[in-house]
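Enquirer: Each chain, letter by letter, is given below.
Protein chains: 2
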Amino acid sequence: MTTATEGKKSRVISGMRPTGRLHIGHYFGALQNWVRLQNAIAPGGEGQNPEKTGHGNAVPLRGEEQRQEYECFYFIADWHALTSDYADTSCVAENTLQIMIDYLAAGLDPLESVIFQQSVIPEHAELHLLLSMVTPLGWLERVPTYKEALENVRDKDLHNYGFLGYPVLQTADIVIYSKEGAPLIVPVGEDQVSHVEISREIVRRFNLFYGFELDEALRSKSAAGLCGNFCLALGIPGNTLSMLDFPLGSEKWAEFCSRVRARILEIGIDNAIEHLKAGAVADMVKFAPVLQEPEVKLTLTPRIPGTDGRKMSKSYGNAITLSETDEEIRAKTKVMVTDPARKRRTDPGNPDVCPVYDWHKLFSTRETLKWAAEGCRTAGIGCIECKAKMADHLIEWIAPVRERRVDYEKHPGRVLDILDEGSKKARKVAKGTMERVREAVFGWQKKRKDVASGV
Amino acid sequence: MTTATEGKKSRVISGMRPTGRLHIGHYFGALQNWVRLQNAIAPGGEGQNPEKTGHGNAVPLRGEEQRQEYECFYFIADWHALTSDYADTSCVAENTLQIMIDYLAAGLDPLESVIFQQSVIPEHAELHLLLSMVTPLGWLERVPTYKEALENVRDKDLHNYGFLGYPVLQTADIVIYSKEGAPLIVPVGEDQVSHVEISREIVRRFNLFYGFELDEALRSKSAAGLCGNFCLALGIPGNTLSMLDFPLGSEKWAEFCSRVRARILEIGIDNAIEHLKAGAVADMVKFAPVLQEPEVKLTLTPRIPGTDGRKMSKSYGNAITLSETDEEIRAKTKVMVTDPARKRRTDPGNPDVCPVYDWHKLFSTRETLKWAAEGCRTAGIGCIECKAKMADHLIEWIAPVRERRVDYEKHPGRVLDILDEGSKKARKVAKGTMERVREAVFGWQKKRKDVASGV
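As given, the protein sequences belong to chains H and L, one line each in that order.
Okay, so the first sequence: first residue is 1 according to the numbering used here, each after it adds one.
Okay, so the second sequence: first residue is 1 according to the numbering used here, each after it adds one.
Please note: incorrect hints may appear among the correct ones.
[Claimed, not checked] Within a straight-line C-alpha distance of at most 27 Å, the following computed DSS-like cross-link-like pairs (lysine-lysine) qualify:
#1 L:447 / H:156
#2 L:332 / H:428
#3 L:277 / H:424
#4 L:332 / H:410
#5 H:410 / L:446
#6 L:332 / H:431
#7 L:449 / H:252
#8 L:332 / H:424
#9 H:446 / L:424
The hints are simulated quantities; they were obtained by calculation from the structure and are not laboratory data.
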């Protein structure tokens with residue numbers, strides 16, 4: 001199927017909350033994928049750019065054929081940090097700086113991606129406010145992660161208006177980077193799919209209110225039959241209008257429009273247009289979406305448990321940050337849990353249930369992997385040996401990231417300059433979107449033109 | 001008591017939703033009072049300005065002694081119009097223009113008051129977002145007008161996130177015009193007092209999170225006793241800290257701060273400071289409110305029922321707008337309801353229960369009032385006569401307002417220019433406030449200074 005989106009570069013948008021330094025769980029759960037998307041070369045240009053290193057600050061050497069596949073927007077969600085940490089914000093600025101350093105060290109490149117700070121772009125807040133008007137409370141109350149957090153988080157009071165509206169703000173963050181005809185892609189893990197789903201619903205509703213128009217001709221005296229066909233085509237049960245209602249006064253008209261909108265929300269805009277075409281009344285509607293519906297790009301992330309086998313998290317103290325020293329890495333990995341069934345050195349183990357082996361898969365060479373798996377299963381090697389080898393590879397992997405990190409850490413002013421530059425770029429895009437959005441909602445450009453021309 | 005607010009001009013802030021042309025109910029319910037506040041002369045300057053006409057566009061002739069008592073901010077709440085009318089915004093721009101004309105015609109003066117449009121000041125949306133983080137859901141769910149609207153409004157779906165957040169946006173609208181040390185006054189009718197009350201609560205909470213600091217000395221090894229006294233002074237039950245907890249780690253410290261905050265929220269900041277002074281530990285806290293708590297100025301408004309005796313409302317068709325013609329006024333007043341007990345011309349009536357007499361009180365001279373009351377009670381005059389006389393006075397009253405209205409209506413471009421000018425002024429103030437607010441929440445100015453100086 002040919003669509004209007006062909007030929008337009010897709011946009012990718014994602015962000016993280018500045019709650020502390022990033023760890024290797026963040027890297028393999030998201031950052032690695034962000035860098036991949038940033039460095040992806042559009043089809044037709046593969047393999048033509050051997051100098052592309054895949055790491056930050058390499059000057060891009062692409063020609064026309066070697067263009068980036070995606071236009072990437074990556075941000076630091078400092079407003080989102082407030083939804084739960086409003087009571088103590090003393091670390092947010094420092095964390096923002098640190099996470100920016102992590103972004104850069106991990107390979108996000110300000111020449112390739114727009115890297116920015118959410119809270120310096122007030123347009124996000126403005127769109128959030130507008131979206132809030134059309135977002136049913138029930139949708140928000142039913143978000144699985146919302147209910148989970150209310151039940152599980154005990155040390156913070158999350159019963160706040162802002163926390164309930166988290167998905168609305170997230171929607172604004174994403175769709176403010178809408179570009180007409182360009183797919184808007186959100187790379188997420190499985191647990192985040194429902195967030196993008198609610199964003200799609202909110203956008204659909206917004207577009208239906210502000211991007212959808214019924215031809216006023218349907219109000220006219222002779223349009224009773226046409227309106228009937230219209231309702232029939234959409235399957236709106238029981239046309240409540242009678243011949244005597246035409247021409248439709250503003251109240252009846254508003255009621256008719258609202259019933260049509262409600263029905264289209266039910267069946268989806270694409271289906272609605274198909275039905276209207278089949279009923280030969282499609283020319284009675286104009287639909288020009290104001291915002292782009294975001295699409296999920298499911299990220300399959302490798303398993304990377306914490307040193308204690310639980311989910312990796314700073315608060316569990318089971319994580320390795322991207323700035324960890326060799327000594328810290330050795331100390332932390334030395335005490336990692338392994339296959340609990342392997343109690344003695346002479347017991348054979350099962351690498352498939354061993355966190356250390358999960359980490360081997362990410363950092364070690366093929367040879368080491370084979371050595372570790374076989375050695376474990378045959379009790380040919382001990383866990384201490386196995387962990388030490390894994391630590392060697394982990395250190396080898398982390399060294400260049402950490403080196404770049406240390407370098408940026410020495411120049412925090414430069415890092416903030418880079419962030420400011422990115423925010424400036426992002427804001428330009430956000431402003432453009434808000435101009436369209438404001439016009440769709442309030443129509444002042446049209447109004448002012450009318451006023452100027454004396455209409 | 002001497003307070004820091006002495007000598008600073010109070011600020012007045014109020015707004016209306018652009019839902020249609022204003023009627024005389026709006027005028028006597030709010031606008032008249034706005035104009036009065038705008039024209040009030042500060043104590044010490046009364047009566048020294050005979051040229052002050054009390055009506056728009058009069059060049060102010062005040063000297064130093066004749067300064068305005070209040071700095072007034074009046075706005076058109078077009079975002080608020082969306083909370084309930086999101087599904088059809090086609091009239092909001094036109095209504096905004098018309099309400100601005102009403103403002104000017106009624107006597108709001110752009111040289112005396114800052115008259116502006118809410119939606120062109122994105123800082124309101126930004127503050128709304130920040131306030132939303134600290135606003136408990138329960139506070140919003142318990143607002144009486146919210147519950148009432150959900151129960152009574154049948155033709156619109158109000159179960160939206162934005163509608164629930166109405167009081168948060170309203171709070172932002174008000175307190176973004178905070179000025180340190182200057183009282184912030186909201187003129188409201190009795191039914192709106194609860195809205196200002198919730199604004200005060202939100203501001204208090206916000207100030208406590210972002211304007212309140214405990215001295216870090218309380219964490220130190222030797223501070224266990226001091227902390228005990230601190231808890232005692234505030235009446236925090238059961239000091240849960242033991243000697244062994246000192247010096248307080250970041251978690252224990254955060255917990256302590258949060259308990260202190262919760263307690264101060266309960267007893268109020270002023271009481272808290274008194275208690276801390278009494279306990280000789282007041283120097284352990286720093287409190288610098290970020291936003292001003294708004295104060296209610298209760299407006300006693302005259303009774304002005306609609307022509308049918310119900311509440312005056314455009315949707316009931318029982319209102320007289322400020323642009324009504326003589327003929328329309330005569331036609332509408334001719335069919336006004338009167339004392340229902342006065343069935344025949346010869347029955348004596350009771351002016352105290354007659355809507356027409358309520359209107360007489362607003363528009364007629366003392367002589368006419370006497371004539372109407374006596375004539376009614378003695379059946380000396382008929383209702384038709386009485387209404388016609390009232391209409392004469394109403395027309396006399398409305399004529400100059402309407403004349404100004406017609407004049408502005410001819411120059412909508414000029415009206416929009418005036419509005420834009422006002423919005424520019426308001427935005428400057430709002431930007432200033434947001435700079436302070438952002439610093440209080442995120443502290444980037446301090447952070448950047450530290451970064452620049454290599455801390």
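Enquirer: Take the hints in turn and mark each one as holding or not.
Expert: Hint-by-hint comparison with the structure:
1. With a C-alpha separation of about 26 Å, the suggested pairing of residue 447 (chain L) with residue 156 (chain H) holds against the 27 Å cut-off.
2. Proximity of residue 332 (chain L) to residue 428 (chain H) is assessed by CA-CA distance (about 53 Å); at most 27 Å being required, the pair is judged violated.
3. Between residue 277 (chain L) and residue 424 (chain H) the alpha-carbon distance is near 48 Å, which puts this suggested pair outside the 27 Å criterion.
4. Simply put, residue 332 (chain L) and residue 410 (chain H) have alpha-carbon atoms about 78 Å apart, too far for the 27 Å limit, and the pair is violated.
5. Of the pairs offered as hints, the one joining residue 410 (chain H) and residue 446 (chain L) holds, with about 19 Å between alpha carbons and a cut-off of 27 Å not exceeded.
6. In summary, the hint linking residue 332 (chain L) to residue 431 (chain H) is not supported, as the alpha carbons are separated by about 48 Å, beyond the 27 Å threshold.
7. Annotation: proposed proximity of residue 449 (chain L) to residue 252 (chain H) is violated, straight-line Cα distance about 61 Å (limit 27 Å).
8. Our distance criterion of 27 Å between C-alpha atoms is broken by residue 332 (chain L) and residue 424 (chain H), whose separation comes to about 58 Å.
9. For a cut-off of 27 Å, the pair hint linking residue 446 (chain H) to residue 424 (chain L) stands: about 21 Å separates their Cα positions.
Checked against the numbered hints above, the structure breaks hints 2, 3, 4, 6, 7, 8 and satisfies the rest.
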